[in-house]
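Asker: Residue-level listing of the chains:
Protein chains: 4
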Amino acid sequence: MTPRPAAPLKLGMVGGGEGAFIGAVHRIASRIDGEFTLVAGALSSSPDRARASGAALGLDPARVYADFTAMADAEAARDDGIDAVAIVTPNHVHLAPALAFLERGINVICDKPLTGTLDEAHTLAVAAEASDALFVLTHNYSGYAMVRQARAMVAAGALGTVRVVNVEYPQGWLAAPVEAEGNQQAAWRTDPAKSGAGGAIGDIGTHALQLATFVTGEAPARIAADLTAFVPGRRLDDNAHVMLRYASGAKGLIWASQVAVGCENALRLRVYGDAGGLEWCQETPDVLLFTPHGEPTRRLTRGGPGTEATASLSRIPAGHPEGYLEGFANLYRDAARAIRARKAGEPMPEDLLLPTVRDGLLGVTFVDACVRSSAADAAWIAL
Amino acid sequence: MTPRPAAPLKLGMVGGGEGAFIGAVHRIASRIDGEFTLVAGALSSSPDRARASGAALGLDPARVYADFTAMADAEAARDDGIDAVAIVTPNHVHLAPALAFLERGINVICDKPLTGTLDEAHTLAVAAEASDALFVLTHNYSGYAMVRQARAMVAAGALGTVRVVNVEYPQGWLAAPVEAEGNQQAAWRTDPAKSGAGGAIGDIGTHALQLATFVTGEAPARIAADLTAFVPGRRLDDNAHVMLRYASGAKGLIWASQVAVGCENALRLRVYGDAGGLEWCQETPDVLLFTPHGEPTRRLTRGGPGTEATASLSRIPAGHPEGYLEGFANLYRDAARAIRARKAGEPMPEDLLLPTVRDGLLGVTFVDACVRSSAADAAWIAL
Amino acid sequence: MTPRPAAPLKLGMVGGGEGAFIGAVHRIASRIDGEFTLVAGALSSSPDRARASGAALGLDPARVYADFTAMADAEAARDDGIDAVAIVTPNHVHLAPALAFLERGINVICDKPLTGTLDEAHTLAVAAEASDALFVLTHNYSGYAMVRQARAMVAAGALGTVRVVNVEYPQGWLAAPVEAEGNQQAAWRTDPAKSGAGGAIGDIGTHALQLATFVTGEAPARIAADLTAFVPGRRLDDNAHVMLRYASGAKGLIWASQVAVGCENALRLRVYGDAGGLEWCQETPDVLLFTPHGEPTRRLTRGGPGTEATASLSRIPAGHPEGYLEGFANLYRDAARAIRARKAGEPMPEDLLLPTVRDGLLGVTFVDACVRSSAADAAWIAL
Amino acid sequence: MTPRPAAPLKLGMVGGGEGAFIGAVHRIASRIDGEFTLVAGALSSSPDRARASGAALGLDPARVYADFTAMADAEAARDDGIDAVAIVTPNHVHLAPALAFLERGINVICDKPLTGTLDEAHTLAVAAEASDALFVLTHNYSGYAMVRQARAMVAAGALGTVRVVNVEYPQGWLAAPVEAEGNQQAAWRTDPAKSGAGGAIGDIGTHALQLATFVTGEAPARIAADLTAFVPGRRLDDNAHVMLRYASGAKGLIWASQVAVGCENALRLRVYGDAGGLEWCQETPDVLLFTPHGEPTRRLTRGGPGTEATASLSRIPAGHPEGYLEGFANLYRDAARAIRARKAGEPMPEDLLLPTVRDGLLGVTFVDACVRSSAADAAWIAL
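Protein chains in written order, with the working numbering: chain A, 107 to 489; chain B, 107 to 489; chain C, 107 to 489; chain D, 107 to 489.
In case anyone wonders, no lab produced these hints; they're calculated from the structure. A hint or two may mislead.
Partner residues aside, some chain A positions facing chain D, computed with beta carbon under 10 Å [said to hold, decoys possible]: (1) V270; (2) N272; (3) V367; (4) L395.
In silico lysine to aspartate or glutamate, DMTMM-like type, Cα no more than 20 Å apart, as pairs [said to hold, decoys possible]: (5) C:K300 to C:E287; (6) A:K449 to A:D186; (7) D:K116 to C:D166; (8) B:K116 to A:D166; (9) A:K116 to A:E226; (10) D:K116 to D:D238; (11) A:K116 to A:D154; (12) A:K116 to B:D166; (13) B:K449 to B:E235; (14) C:K116 to D:D166; (15) D:K449 to D:D186; (16) B:K449 to B:D238; (17) D:K300 to D:D173; (18) D:K116 to C:D139; (19) C:K449 to C:E235.
Keep in mind that this is a model prediction, so the values were computed, not measured. All C-beta atoms in this analysis are idealised placements derived from N, C-alpha and C, irrespective of residue type, glycine included.
So that you can see chain A by itself, here it is in the shape it has in the complex:
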């Protein structure tokens, strides 16, 4: 049993009221390991919905706020104020709350992508790096144990020099114009005012990029993108083809789609070097295929032989699957470690692998570059 200090950390939430998807995910992820307890929220921009959502979640009504500024003020003033806030609003409402909490020294755990626009992203990056408070971006796929395993293996040279990076993230849920049929998740994701300039490329393409960058340790230097909005009337891309060039000489491909009928969340990463190859799929996240050059493929499993380096990320034995929520919770567990270190005035743990505002800035830069590249007939754009 891993010793755990008596008191969970206190979490607040901005967004995540009724009908939201990712807010519920953050709440579960934050409590799986008992590290956080939700105590405050500005859960909706609609006061009625905010109140109802707070009640449904069992929050103290005094800590259910009508807006995030009021929440930041009040919580900063409390002796028992929140240790961190989770920002789980649509993209265009990331910057303002993040600034509000950072300015008051409250740690921020923010959903991705970082912001809806590149200007906002730069503003937030400057603010986050100037702040003493922590800023964590929940690129949750990098929390999966076998993704960490993959990163460790690449770093240890198991693949040799990386040559080819192939990431795909096909979904099919936006193959029809469901945003016009009352699907709230679809509505904001396909609305440039809320999502920014990227559709699929922002929503899931940034995940693909971050996953590849996290595992290989290198971001692409240039990209060439062909974005398409296939569904009639849709204003943002729902399919993205992107070619990647790395400064190291590696090449890559990203395919992100929301019109791939039959796909759910089939995020898949493949990396090939001169000494080996790796393959990982999000829908079976406990498995990592590894082929040393000239040898048979090995099937590595979370908690199984050869994955000792990531043992601390396993809650249960190999063959009892952990999933999306546990991967997400790994980020919250790391965040808790960082927050506790900060509270204690200790240095950050050296093995932290939390996505930062830099990852977020890279992601928004990538979206911006893809949109510009696509508008310029897939010209190469430097990141």
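Let chain A serve as the given structure and place chains B, C and D on it in line with the hints.
Answerer: Using the frame of chain A, we list chains B, C and D on its own:
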């Protein structure tokens, strides 16, 4: 957002101290949906370990008990006493604490198998059914959404008349005598004094039986078993072959093994009727294969098309995998619904599918029958 | 390029006329490697069909015979008579033609199971072993490269001492009474007069047994079987559950079914020893999973790294799948080597792994034992 | 039994001597269905090797030729001359023999890509279309039954309007500079003088393109390519990233790689339309996944329910895998039908789906465009 009453239920735990596996699982499962909060425990029979474990879990020292009787007494006497106790000790320490809490009217959530011996199982069954308190047995695999989906489909006639039931549960972790090398999980599981007369047949064979019974709605009438202890020096079976006959005329096979090198927790259920077939594997629990007779196989996924009946068991969209802990948490969520109904003096929810002491009695009866059958050269024994 | 003598061997065929399945398979398998050319046949017991079939196959009308005795006489008398005969009739018409050709010194390649009855099997075994001519039984699954690889690995000790053998062969094509609806393949297979006493156990259970025996090098000593005819009106079993005990102490299970809706030819073998485990599935025959104890699973592929021992069985590189016909052809290629050695008066090649009349006798003995065991409430019967 | 005329067609071969890979494939594919018999060859440019290879194949020494011109002359002059010639030489030796045989009215079955250069391809296209003789290009993947099934489904509207086409063909066998270590297959494929300007893009990228075009019925209008030679000293690309734009508005991606360690021949096609999605993988060619929009994925299998349209391409029942050689043989079977129709002066069968010189010209045009695009920083090039 599903409305949730403000206060989580208060949970106590017997067993589950340092080094335990299943206790940690219960703790996570109980808090994933915010339904329970752990407030008390008799976590170890060693007072020092009990104390240390309680501290590590952040329990109020006043509610960290040296033994379960003291805990039952004290918690029953408190106004804010626990709403339920989770019993997560080895099999031979299920009966006594269960009786202690049931007698005091405290709801019991007990790990499987029900008890180490058939006599104990009968005693507990009588007590549980005589008590007003709830008794839940955590045959967690029946909590998986797609297992519930399978059950619903069989009940709705999608398979027609069931003919063949095939369940296998191969593991490889006991292929060597690790019980002699300090593996605590292995030590008690291979010790007749702690596990009872069944080894693999008790530890995982009972899961296989319960899964098949849960999905088909019918328990076997007779079994013929061939149990083997392959590892030198091992006193309990580590491999079990069991043939099943059902009153309906269906036939079945159970294979449970802990010496199947390369297998982790590869529990798999296949059911065939005259109108269709089903296949489900625990290691990819979000997928259910369904073949209507004469048509192509369909791949049903949790949250995907055709699984609307089990939508309430999904926390996240299709393609974002839920795993073992979420399946386990589904039992805790159902238990919470039942406990809240009892507290409110309301009738039990009609759609509850919680494993009961009857399932537990069936399981121990099955283990006993398999041991006797095997001793009698695989003679048929009625359940 | 493997040198090949100029002239293909001359093949005759008994059975295999219009509407037959396995006859066409033998013809393709015999010519894939250019080792045989079909020159004669007694293709049907109906003279008209025999003639029409011979013409359709382009045979010289002088070598299209009305019955197998006439064929045996005539071919034995020709200078350019056949080098071997393929017997591809239903089970009850294996013995007589086999004897006719063996008596005339003509090599026999016979489909399985050996015969419809145990008496016939003994008669044929005596005759085959007394004859100078070769007798090959086409248990074709043992011709797959990765099955040979598995056998070689077990023999080399990669699994250590074998403990558990699990073979299953589920099919779904007889889930409805198609024998009553004009399906000719179903009709003879479900007719005791043509198939013998075994239904699924004879048709596919013998394959399962032979596969396990071939790979492990050991046949079971005793069996206990529960056979069922699920489809109303069916006279032979369409589902078989069999427990196995080996003299070495190993245990096993065979499940053979023709009512497993959704299964096609899902023959699967798993073998576990104290040092490793193996898994092979007929529907993806180029893949063999191998797990050394305590290490990750390896995915071995035909022609890939680590399969050098079976390189001669690969016609094309790894990743270009070979299938059923190539596996079958491996038997014909081996048969050709044996026949050429006999013609040349040379000793048999030492590495031949052809199934013999002994495998056939074992199979029919197994069917007989299963039928008797099942009739005796699954009593143990020695093989 | 499908009636087959008495005499197989007579086949000659150019190339395919000792050490060749694809020659042996053509020989097997041509004889699997008994449609062709090899009677003549110019098997090597080395007279000694030609002679030895002819002897090893059992050819009449009088029909073993020192060069293809001599062979074309002699065979054209014989009454029993060959019905078709298979050209299986490296790319730079396709044009000359093809012209030699076409000019003499002899049908040509030519391996892909069509030629090494675009000029040669145009020359051959003109010649082939001017000739009465047939010209078949063995893009063998389009011979797989389930690829034909996919094409039929797309044509019938099962996907609606096609939006996204994703083809990948990763191999790993050229991850190291094996061309410098005596690997003959690698040597000519990485030599511009023999392969032409394309490496991976020519060898396997053309297969990917043809597969996508065959199934969707539409060729891309423009491409943008990024080709790389990763292995030090290699003169041709060993990895290709290509973005596709179709006149219809569809978009696509091709990834072809020979440095993807761990991949064998993992050709995979995915096509998505507004009404459904399809997925097919060459390494499990009997399976086609089909998802109608809003419904669960179906697993279609060769010979299984829902594939009646392609029944004539199945030799054996579903679940008994057919593989690469059978897919290749389907082309030879179609070629035989076409050749017999031509011989008989009958019109071509209406359902023929043989790749023609047009497919070949498209392929070489594609390679040329990719090379030019890559040289121009991945500029878009019209096909």
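Asker: Each hint should be assessed against the structure and marked as holding or not.
Answerer: Checked hints:
{"no.": "1", "hint": "V270", "result": "holds, 6 Å"}
{"no.": "2", "hint": "N272", "result": "holds, 6 Å"}
{"no.": "3", "hint": "V367", "result": "holds, 4 Å"}
{"no.": "4", "hint": "L395", "result": "holds, 7 Å"}
{"no.": "5", "hint": "C:K300 to C:E287", "result": "holds, 18 Å"}
{"no.": "6", "hint": "A:K449 to A:D186", "result": "holds, 13 Å"}
{"no.": "7", "hint": "D:K116 to C:D166", "result": "holds, 18 Å"}
{"no.": "8", "hint": "B:K116 to A:D166", "result": "holds, 18 Å"}
{"no.": "9", "hint": "A:K116 to A:E226", "result": "violated, 28 Å"}
{"no.": "10", "hint": "D:K116 to D:D238", "result": "holds, 18 Å"}
{"no.": "11", "hint": "A:K116 to A:D154", "result": "violated, 24 Å"}
{"no.": "12", "hint": "A:K116 to B:D166", "result": "holds, 18 Å"}
{"no.": "13", "hint": "B:K449 to B:E235", "result": "holds, 18 Å"}
{"no.": "14", "hint": "C:K116 to D:D166", "result": "holds, 18 Å"}
{"no.": "15", "hint": "D:K449 to D:D186", "result": "holds, 13 Å"}
{"no.": "16", "hint": "B:K449 to B:D238", "result": "holds, 11 Å"}
{"no.": "17", "hint": "D:K300 to D:D173", "result": "holds, 18 Å"}
{"no.": "18", "hint": "D:K116 to C:D139", "result": "holds, 17 Å"}
{"no.": "19", "hint": "C:K449 to C:E235", "result": "holds, 18 Å"}
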